[in-house]
Amino acid sequence: MKKIFALCFLLAVAVGLLAACGNDDADGPVTIRFSMWDTVDESASFIQAFHAVQDDIRIEIVSIPEDYSTVINTMVIGGTAPDVILAWEVDMPRFAANGNILRLNDRINASDLVRMDDFMAAVDGITDVTGGGLYGIPWVYAGHFLYFNKDMFDAAGIPYPTDNWTWDDMAAAAQALTIRDGASTTQWGLAPIDFGGIWYSMIGQAGDAVVDANMNLSMGPGLRRTLEFMYRLTNEYQVTPQPGGGLGDLFAAGMAAMTRQGNWFVPGYADVPFRWDIVPLPRDSRAHTALHTGFFTINAQSDHPEEAWTFIEWMMSYNGQRELSQFSANPSAMMSVAAQGYHRVAGQHGPTNWGAFDYFNHYGAFTFVLLNSSVTGNLVSQFDSVLLGINSIDHVINVEIPAAQRELDALR
Amino acid sequence: MNRAERMKNNLAAYGFLSPWFIGFLLFTGGPIIASLVLSLTRWNLLSPPEFIGFRNYITMFSPGSGFLNSLRATLIYTVISVVVSVTASLFMATLLNFRLKFMGFFQFCFFIPAVMPSVALAFVFQLIFNQHLGILNYGLSVIGIAAQPNWLNDTFWVWVSLGIVTIFTYSTGQMMLIFNAAFKDVPQHLYEAADIEGANYVQRFWHVTMPYISPIILFNVVVGTVNSFNTAFSIVFPLTGGGPANETTVLSLELYNSAFRMFNMGMASAIATVLFIIVATVGAIQFRVSKKLVHYD
Chain A
1 MKKIFALCFL LAVAVGLLAA CGNDDADGPV TIRFSMWDTV DESASFIQAF
51 HAVQDDIRIE IVSIPEDYST VINTMVIGGT APDVILAWEV DMPRFAANGN
101 ILRLNDRINA SDLVRMDDFM AAVDGITDVT GGGLYGIPWV YAGHFLYFNK
151 DMFDAAGIPY PTDNWTWDDM AAAAQALTIR DGASTTQWGL APIDFGGIWY
201 SMIGQAGDAV VDANMNLSMG PGLRRTLEFM YRLTNEYQVT PQPGGGLGDL
251 FAAGMAAMTR QGNWFVPGYA DVPFRWDIVP LPRDSRAHTA LHTGFFTINA
301 QSDHPEEAWT FIEWMMSYNG QRELSQFSAN PSAMMSVAAQ GYHRVAGQHG
351 PTNWGAFDYF NHYGAFTFVL LNSSVTGNLV SQFDSVLLGI NSIDHVINVE
401 IPAAQRELDA LR
Chain F
1 MNRAERMKNN LAAYGFLSPW FIGFLLFTGG PIIASLVLSL TRWNLLSPPE
51 FIGFRNYITM FSPGSGFLNS LRATLIYTVI SVVVSVTASL FMATLLNFRL
101 KFMGFFQFCF FIPAVMPSVA LAFVFQLIFN QHLGILNYGL SVIGIAAQPN
151 WLNDTFWVWV SLGIVTIFTY STGQMMLIFN AAFKDVPQHL YEAADIEGAN
201 YVQRFWHVTM PYISPIILFN VVVGTVNSFN TAFSIVFPLT GGGPANETTV
251 LSLELYNSAF RMFNMGMASA IATVLFIIVA TVGAIQFRVS KKLVHYD
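Chains as they are written, first to last, in our numbering: chain A, 1 to 412; chain F, 1 to 297.
Next comes chain F alone, as it looks inside the complex (with noise of 0.2 Å):
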């Protein structure tokens, strides 16, 4: 190949590149800068926006800032959202992988609930939550529970309606059917071999599926937890606006707050600045721990 030919080539595989990486400039890298440079600026989106330094920055990490406390709703929700996604599609899609019939049924009625608007499903849990109206409690008084919860109301059981409802979100349903597809691809020659050594289902799961998934199970969870803190606030803004008294107001929230309610662009876009670098940093961590438990082999 000359070198005339060898310029077309790479010139036609930029131009195939060309539109995804113009979408990037556009659409992400773009935005990214302006979320940057805005964030050292005071503006209400109305007048001009005026160069303030670092000030945003102060404020938030200053006493009295909201910003720590959704730090740490933050943390909670994307450990609860986490843990409950992968364990819930784990479990499910271990249950799909029996033998039984209708089984197309199951993984029909398992999915269904994740390609709900997580919005709708929010509303809908909110009042399956009600305290005095809704159908959790009700159920509880009939087996003689008196004592009912405030699901939405109390600073512990808010956590548990959260990781309830997460169960029923695009993100469980989507890890359920690349867990299921994942136990497929599990050769069945290991299964045989640890059966002979008369392994019982549970050491066959923990010893054979386990580590043979463990990259899926890695993958899962590095994109749930992107997912937990960038899509915390569909289901938390409907369901709990952020309360009882702050307890849920996840980043994302208090980044909405300050745009669109407060209408302070600089505060928001120094909130998403410190959230892209704890999404990337939590990410970095998460693959370097991995090295250890996942066996790619």
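Here chain A stands alone, though its shape is the one from the complex (with noise of 0.2 Å):
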């Protein structure tokens, strides 16, 4: 019997212990988790920001490096959503409507840090899109750029892009600086569309609105003309490779003279051992980029909401945005704070052309970023099947559209 009662005594101190592990301790700091993609910790420099102006909060990262969305939708549905999630544009509203997360509008409106009339015109359609209610707030946000190489170009005798660009420039630039031995290619003009953001960026520039104010594809004549373009730089001038897909990038390995990728390259491009440069996407009928963001938005099982706010709220001032900037190098949605250039993190070689960091906010719009990712991402596989010789133009505009318009209609 003694053996029993000690057991169970035992049982008792050690469960004790496992409750006692389990919460935050009532006189110290509240630790509160936040999600983010990409391989981030808390040694981040606007994490150890806010934590020297902030003693009663601490910050615990959960990063998420891939398949983001996938994960942080498991983990709401699991009940093990971080504090604070870091949400893309398709999964706010699905998160709003079904009250996983918090409605900020009361948070916003007291707030003294927060200027939601500082932000750029393209946010206003997107923190709006869940019946009035504000339930996120954009963190920072990115689009697409032009980047060259300017050794090859100047090996080559050309001039440098300009922000001013059309396809046919770009098309001509890349003829003259495709190097051939034999029957091999030893240079190319133009780099493969490895980001398919890119596809969606070119047909807003051939005049389609690629998603209409109902959510719906609206991709037509301008998808037809991207497509008839890329195949003819691709199969006819050949002077930009078939896509590949994977782990390689040309433009990095000094086999690319242009690539076109999202400002999130400029950091990655840093230690590159060539002169590069930036430009706005060359225009076809109009300039346009796809633009990116994600939203801090409070998980509404959070035991700490109050704490989680005092982060956003700090984040989104703007000393906090000033950090994210330098952090991520990309521009605030915040008018006032984008204009001092916080995310102008120059490499090594480049680049210079900092302006075409402003071409976002007057010809960016947030498009196919408001679908669902699966359907946009197979749209791109099929995309690149046109240039692959596998499906023709036709079919991926009479049969491929309309079956992803099926599917986002599905998910309604």
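Keep in mind that the hints were calculated from the coordinates and are not lab data. Virtual Cβ for every residue (Gly too), placed ideally from N, Cα, C. Heads up, a few of these hints could be off.
To be verified - Examples of chain A residues lying across from chain F (beta carbon under 7 Å, computed): (1) Val62; (2) Thr70; (3) Ile77; (4) Thr80; (5) Ile179; (6) Ala183; (7) Pro241; (8) Pro243; (9) Ser385; (10) Gly389; (11) Asn391.
Unchecked claim - What follows is a list of derived Cβ distance ranges for each label pair: (12) F:Phe219 to A:Asn398: 46 to 52 Å; (13) A:Ser45 to F:Ala120: 28 to 34 Å; (14) F:Val124 to A:Gly220: 37 to 43 Å; (15) F:Asn230 to A:Asn214: 45 to 51 Å; (16) F:Phe16 to A:Asp67: 37 to 43 Å; (17) A:Tyr160 to F:Ser62: 49 to 55 Å; (18) F:Asn230 to A:Ala183: 38 to 44 Å; (19) F:Val124 to A:Asp303: 19 to 25 Å.
Take the two lone chains and join them into the complex the hints point to.
Pasting the structure below:
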């Protein structure tokens, strides 16, 4: 009997200790969990800056380097989502509609630090997609650039791209920059589209809305023109390789003179051994780039919503936005902060044309990022299939686009 | 043994069986039934499921659905995977039965790729197969082949690529060990009799070894088939993502996309149900057909 009592006592002590470990110390700082894509930890400069001004709250980063949206959705369903979720554009309305995240209107109205009237115009439309409620605030934003290798342009004796380049200018330069050795190509004028978002920027440049006001696909003549143009570059002029996907970056490897990527590649190219720069994506019938962002949201299941808001509020303050811009090399969606250029994180050999960022605010729009990423990702695979000679342009427009629309309809 | 003792014995037997039985009910039987029920609902994971009858199945088999394409891709992958796995493992096991020095070292070398996680394996091969930066096409250029395949983005070569990767999977390594053990069980006197009859190496292999190990071949084919249906995802998803143009979107990938990218758990459950029926049917057919080909004596 004594043994049984002793065992029960030990169990009670163990349970008590475990329970104590699970709770925040009433006298110590509150720890809140914050999720981000990419590989980030608490040593990140913006977290350190927050800790420096706030003793009562500690931030624990939940880093999700791959399949961010899928993992966050799974965590929300399983009740294990962090206190502050950096939610994708397409996820925020779902979470809001299902009561997974808190409405922020009252907190924003009461805040002296968050100024909604300072946000860029493109943001207005997407923060208000949830029936008049504000459930998230954009952390920073991003768009797409044309990156070019100055050394290759100089060697070919071709003038550098300008902010007003057209598709035809890009095609002509790509032809002049492509170098062949017999049947093989030793230098490509233009790298293939590795990031699917570039397709949607191009389709927008060719005149299509990409997504209409009702969140339906809106692609037709612009899509056809884009596919025809890319097919010519790939298979007729042969100045850009067929889509190969995967792990290689021909521009960084010094095998392609130009590439089109998101602005988040600026720090990625910091150490390349050649001189390079950026310009806005070349235009067709209009200038356009697809924009990206993520939203600070508060998990409705959080035990610490006030502390979560304190963190978000500081991140959306001038100082917080400065830290985030410097950390991510993305411009703040708040105009007053973006104007200060904290996102200009230059590498050893480039870039210098920081004015290219201004083009995001004038010609950028949130388009494909508002739709389910599986649907838009699958369409990119279909666009690639035209360049690979697997499908025709008519097939993509008449079969794949309606099929994608049906998938979107089924989600509603 | 009286009735009470029999009862006691039976209870003891059921007691020993119960851990597996409870595990089966909780982790296999229960989820299978839950999946069947969910296949009749519309459920986005966040809001409560809504009963919609057989609408998911009707959508699945309607024109324009990706299901039939996925079924085709799954069958192609399964045939390639099983044929390559069984053939490669049989070949390697045969090599391991030569009487040579350092055979343990060769066995280690043959098996070591099989213990690599399949996702890591797929990423390594993604780099190897890269059209412009990959070592495979570099090797082809060195030997003067100018028309190098776009391995992972051509509707023909992508299947060849998947077949090559299959050689290095755990399934193949496991089969190799099983075949190797089976070879050692073939009675030596049968080979001696074949030698007396003047049989050459190929004849010995075909008329002595193969009939004797045919039950093992059947076992590997059935296990390989079931594995192929269920584990295609871990190779195909990181290597091709289902491309090019959905050419390699196997059912398990379609299921994943429906569940965790489209958040359509009802449709994902319907796909899982059909996959379950297909695997069970294929397994049953293999056993039925094998009665004529497998020798148990």
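### Query
Quick one: are Phe219 (chain F) and Asn398 (chain A) within 46 to 52 Å, going by C-beta?
Once the Cβ atoms are compared, 48 Å apart, the range 46 to 52 Å for Asn398 (chain A) and Phe219 (chain F) holds.
### chain F contact restraint on Thr80 (chain A) - CB to CB distance below 7 Å
violated (14 Å)
### Query
Can we keep the Thr70 (chain A) interface hint, with Cβ of chain F closer than 7 Å?
This interface hint holds because 5 Å falls under the 7 Å limit.
### Cut-off 7 Å, beta-carbon criterion: hint that Gly389 (chain A) touches chain F
violated (9 Å)
### Minimum beta-carbon distance criterion (7 Å), Pro241 (chain A) to chain F
holds (6 Å)
### Query
Can the suggested window of 28 to 34 Å be confirmed for the beta-carbon pair Ser45 (chain A) and Ala120 (chain F)?
holds (32 Å)
#### Entry: Closest C-beta approach of Ala183 (chain A) to chain F relative to 7 Å, hint status
Nearest chain F Cβ about 4 Å off; hint holds.
#### Entry: Ala183 (chain A) and Asn230 (chain F) - C-beta distance against the hinted 38 to 44 Å
Holds, at about 43 Å.
### Interface hint for Val62 (chain A), Cβ within 7 Å of any Cβ on chain F
violated (18 Å)
### Beta-carbon spacing of Val124 (chain F) to Gly220 (chain A) - inside the hinted bounds 37 to 43 Å or not
Hint holds: Cβ distance 41 Å, inside 37 to 43 Å.
### Query
Val124 (chain F) and Asp303 (chain A), beta-carbon distance inside 19 to 25 Å?
Check failed, 43 Å falls outside 19 to 25 Å.
### Task
May I ask you to test the hint 37 to 43 Å on the CB atoms belonging to Phe16 (chain F) and Asp67 (chain A)?
holds (42 Å)
Checked against the numbered hints listed earlier, the structure breaks hints 1, 4, 5, 10, 15 and 19; every other hint is satisfied.
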